[in-house]
Every structure is written in C-alpha cells, then in structure tokens.
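2 protein chains.
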Amino acid sequence: MDAINRTSAEPYYQQLGRILEQRIKSKELSPGQRLPSESDLCRTFDLSRSTVRETLRSLQEQGLIRMIPRRGAFVAERNSGDWMLQVTRGFFESEVDGTRTVDTTVFRSGLEPLPREASDALGLEPGAAGFILERLRCLDGKPAVYSTNFMPPEVGAVLAGTDVLRGTQSLNQTLRAAGYQISSARREVAAVGAPELPARFLGLDVRDPVLLIRSLSRGADGRPFDYYRSYARSDVVTIAVEAQAMDGD
Amino acid sequence: MDAINRTSAEPYYQQLGRILEQRIKSKELSPGQRLPSESDLCRTFDLSRSTVRETLRSLQEQGLIRMIPRRGAFVAERNSGDWMLQVTRGFFESEVDGTRTVDTTVFRSGLEPLPREASDALGLEPGAAGFILERLRCLDGKPAVYSTNFMPPEVGAVLAGTDVLRGTQSLNQTLRAAGYQISSARREVAAVGAPELPARFLGLDVRDPVLLIRSLSRGADGRPFDYYRSYARSDVVTIAVEAQAMDGD
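Taken in sequence, the protein lines are chains A and B. Per UniProt numbering, the first sequence runs over residues 1 to 249. Per UniProt numbering, the second sequence runs over residues 1 to 249.
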C-alpha cells in the first residue's frame, strides 16, 4: 500500500500524494514536521524528481503542506475550519474544506457615506461615499463572524449584479477576478465587549467578549482597496496564525 | 539632501539608507508600498547594484522594509510596539524599538507538574513535570501581557542562572543560543473573559474581555519545545498580523 503501483492507471504523482496524505491524516507525519527531502522521496519510492515535485505542489495546493524555500516541505498546522490570519485569502474562500458548511447572509450592500475610520484607512476624504457590505457568516449553522467591508466606490462597483451580494460567491475571488488582488494586508486583533448589533447577530449578550479583527488589504501598487471590521466568535471558529522562521530570524 | 555625497566618509549604502528611511518615516513611501526596484535605485542614485542591495538588507534588518522574493521590497506595515504574530520572534525581543519601555516581572519559575493542556501540546505524558515560567510584561509602565510558558524539563534547564528568570533577558534569545531556535509556531487567538489571576495582574475586572494567545513553538526537527498562554490587553498593546500574498494566492 505504501509503494507505487507501476501498473495502475493512476499517475505516479497522485499515488505518492495519496500515500503522503494518508500519513499526514494519520498523524504519522505530524503538524509542523518536516517531510523527507525530495531526494529521499525519489529514492524511497523510486520516482523521478519531477514526479516528486508535482506531488509536493499538489499537496501544497490542497493546504496539507507548506514549502519553505531552501528549508523543505512541512506538514501544515491548520485544521479544517481554522481562519489563518497570515494568508491573504479569505476565511471562507479556501480555509474551510468540504467537511464544514458555511452560510453567508448579506444584510446590507450599497454606496453610503463611509465612517471616518474606514475613509481614513482607505485614504479617502472624510465623509466620502464608499461601498459597504455587511454579512453574517455561519459555520456548521452556528453564527461565527459578523463582518462589515468598506471599499472605494470603484471597487464596490465590480460587485454589482454578482452573487457576492446574495452571499453565494466569494468576495475575495470576485475582487481578484476584477483586478483587485491582495498583495499585502495588515490585520489587527483585539478582544472587545460585543456591541449591540454584532451581539444580536452572533447570539451573544451585549458586552460578552468577542474578537474584533480589523484588516486593510492593498493591491500590488500598495493602494488600499478593502477595509473590514469582523466580529468573530473565537469559541466557534478557531482563529490562528502560523509563524515560520525567515532566514536570519 | 536626496543625493549621494561622494566626498563624505559615510559609506554610500548608509547614505542611501538614510534617504530611504527618511522617506518612509515621512510617509512619502507609505506602509505596504513597493519601493523602487533595485535597477531604479541604481539609476536614480548612480550606485552599484551591490551597494543598493546592502542598503535594502540593512533596512530589512531594521524592520523598515520587507523583501519578498521575485516581488521586490515593501515598506513594512508595523509600528513601534506592535506585537506581530506571524513572525517567530518574541514580542519584546525585536518588535519594540527604543521608543517604548518594557518591564518584565517574573512571578514563578521552576519545575512543576504540567497542566494537561501543556503536556498534550508538548507531546509529554499526562502529569509529566515541566519548566513553568510566569511573567507580567508592562509596556510604558502599563500592564500589557500576562504569560505562562511551559517547556520540557531539558529546555527549562538551560534557563537556570540566566537573567531570563530575573526578567531582564529575552527568553527567545536565550533558548536560541542554547540550540532551541523556533522553526515554526502555531498561534491561536481568542477573546475570553479574564480569569481572576490574569485580571488582577492586568488591572482588569474579572470577566472583562481579554485576548488569549496560545502558541506552540517547534524546532527545525519539528519537535515542540515551548508552549505558552498569554493574556494580552489589546487596548494597551496592538496585536497584528501582516499577510503577504504568496505566489499563486
């Protein structure tokens, strides 16, 4: 079972992928652990380097491993349903796999005067109009995150008529397809007492502890195009950060 | 002022460093913005590529910019006193520059039976002994973070007789010097009501919202060597994450 079947129609790289995936899921390879080197994998399974690389790429795309230049491949530390703050992708875009259900309800969307906090963050004049998108995201039926996004008008315009406004399409993916790709984002986390509206939507009492995440996303030109405030129930959704040493750390 | 003085004794790379630093501090180059390319800097300032690279390296070491392979150099988004969760360095090790004061009080240190949460995280038997280090960190005189670290006995042993136990030396640096260098860490953040002891130390009322950060650090071999629980006042210390797009994100 742990060898490559040379007579199977299944490509070698997929067979190796299954073997490694099974070792990861069984915790034989535990989170954070370094995988055997490419050379070791080539030797152990009698495969070419290009096949081994194809396997690693595919495991990385599935989020099962993380490849660090010059250091190797490591078993990812995230679990299904975690919200990983250090990646630019959105929570419900790629971090939640098929084993958990996510429902999004849109409460508000449209052009409105921006609150000062949002216009400042986006570099717009105080009182400027912007596109506001207010959503509740439920994880496995439980209210998990109550978010308000604030965007410059021209960014919000690309959402018109899309299923983002019905809660069935990813905001990040839609913005990216329109040329607004996140290049970097700064996110701040704070513990606050839940204000009335988020408390009501999240099923909390007013002033219950809730996680507030404020995030500003910038494009490749460094210009901010999306600011959000999310109130998250950290007892419903695990919010995590994976730190990796850089050279010289 | 914005040109290289060819007759100065100050090395060219330092002169260029000052010029760029001043543009960053004046926000002419704003957080997240991409710096001019190496070639552009060479041309504009009539400098060699190796000089420009030396400047960029030095700015990166100071934390003013961040270099992303194949994408260029970007103005860092952090501020003095931020706790950046996606880097492996500790809060008080490198993120706080000379403009803010940090005081650490050690309340407890020594070998004790580990709580189940810590022995599980560290992969030790339930009830195993470990080294426990309990500290209060104040930022500019204000209680900011109340932390308890849990380490396997052989890791804690390297702290014996060091100033870590008097609160005047960095735990991370001391562990690193002893061969326990963080290769990866997983950190989870949650908003909780402050328990009695952290509340008292942090100057909060019991059940006031407080940020709980749980972190597990692993070495290059993937083995965990430090688990901590930190209660942080996010109204005193800004806790942030900087997300950068990877290729393919």
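Simulated from the structure, these hints should not be mistaken for lab results. Errors might be hidden in some of the hints.
Simulated coverage check for chain B against chain A, where a stretch passes if three residues somewhere in it have a Cβ under 8 Å from a Cβ of chain A [to be verified]:
no., stretch
1, 27 to 37
2, 112 to 120
3, 196 to 205
4, 217 to 228
5, 237 to 244
Non-contacting residues of chain B with respect to chain A, defined by C-beta distances greater than 10 Å in every case (computed) [what the hints assert, rightly or not]:
no., residue
6, A3
7, A9
8, F45
9, S50
10, S58
11, R71
12, Q86
13, T88
14, T101
15, T148
16, A160
17, A177
18, P209
19, L211
20, S234
Every value quoted in this text rests on a predicted model; they were computed, and no experiment measured them. Note that CB positions come from ideal geometry on N, CA and C, so glycine has one too.
Consistency of the hints with the structure:
For the stretch 27 to 37 of chain B, the proposed coverage by chain A is satisfied: 5 residues have a C-beta within less than 8 Å of a C-beta in that chain, meeting the threshold of three. By the rule of at least three residues with a Cβ nearer than 8 Å to a Cβ of chain A, the coverage given for the stretch 112 to 120 of chain B is violated, with 0 such residues. Look at the stretch 196 to 205 of chain B against chain A: 0 of its residues bring a Cβ nearer than 8 Å to a Cβ of that chain, fewer than three, so the hint is violated. Residues of the stretch 217 to 228 of chain B lying with their CB closer than 8 Å to a CB of chain A number 5, which satisfies the three-residue condition for coverage.
With 7 residues having a beta carbon nearer than 8 Å to a beta carbon of chain A, the stretch 237 to 244 of chain B meets the requirement of three or more and the stated coverage holds. At the 10 Å boundary, the C-beta of A3 of chain B stays outside the reach of chain A, the nearest C-beta of that chain being 25 Å off. With a minimum CB-CB distance of about 28 Å to chain A, A9 of chain B clears the 10 Å threshold, and the non-interface call stands. With 10 Å as the threshold on Cβ separation, the claim that F45 of chain B sits away from chain A holds: the shortest Cβ distance comes to roughly 21 Å.
Annotated as non-interface, S50 of chain B keeps its C-beta farther than 10 Å from every C-beta of chain A; the closest such distance is 19 Å. Against the 10 Å criterion, S58 of chain B stays outside the reach of chain A, whose nearest CB is about 12 Å from its own CB. With a closest Cβ-Cβ approach of about 8 Å to chain A, R71 of chain B is found to fall inside the 10 Å limit, against its non-interface label. The beta carbon of Q86 of chain B is not kept farther than 10 Å from every beta carbon of chain A, the shortest such distance being approximately 4 Å.
The non-interface label for T88 of chain B is inconsistent with chain A: the shortest C-beta to C-beta separation is roughly 5 Å, within 10 Å. Every C-beta of chain A lies more than 10 Å from that of T101 of chain B, the closest at about 22 Å, which supports listing it as non-interface. Every Cβ of chain A is farther than 10 Å from the Cβ of T148 of chain B; the closest lies at roughly 18 Å, confirming the non-interface assignment. Separation of A160 of chain B from chain A is adequate, the least Cβ-Cβ distance of about 25 Å exceeding the 10 Å criterion.
Its beta-carbon lying about 14 Å from the closest one in chain A, A177 of chain B satisfies the requirement of being farther than 10 Å from that chain. Non-interface call for P209 of chain B relative to chain A: violated, since the shortest CB-CB distance, roughly 4 Å, does not exceed 10 Å. With a minimum CB-CB distance of about 4 Å to chain A, L211 of chain B fails to clear the 10 Å threshold, and the non-interface call is violated. Against chain A, the non-interface label of S234 of chain B is violated: not every CB pair exceeds 10 Å, the least being about 4 Å.
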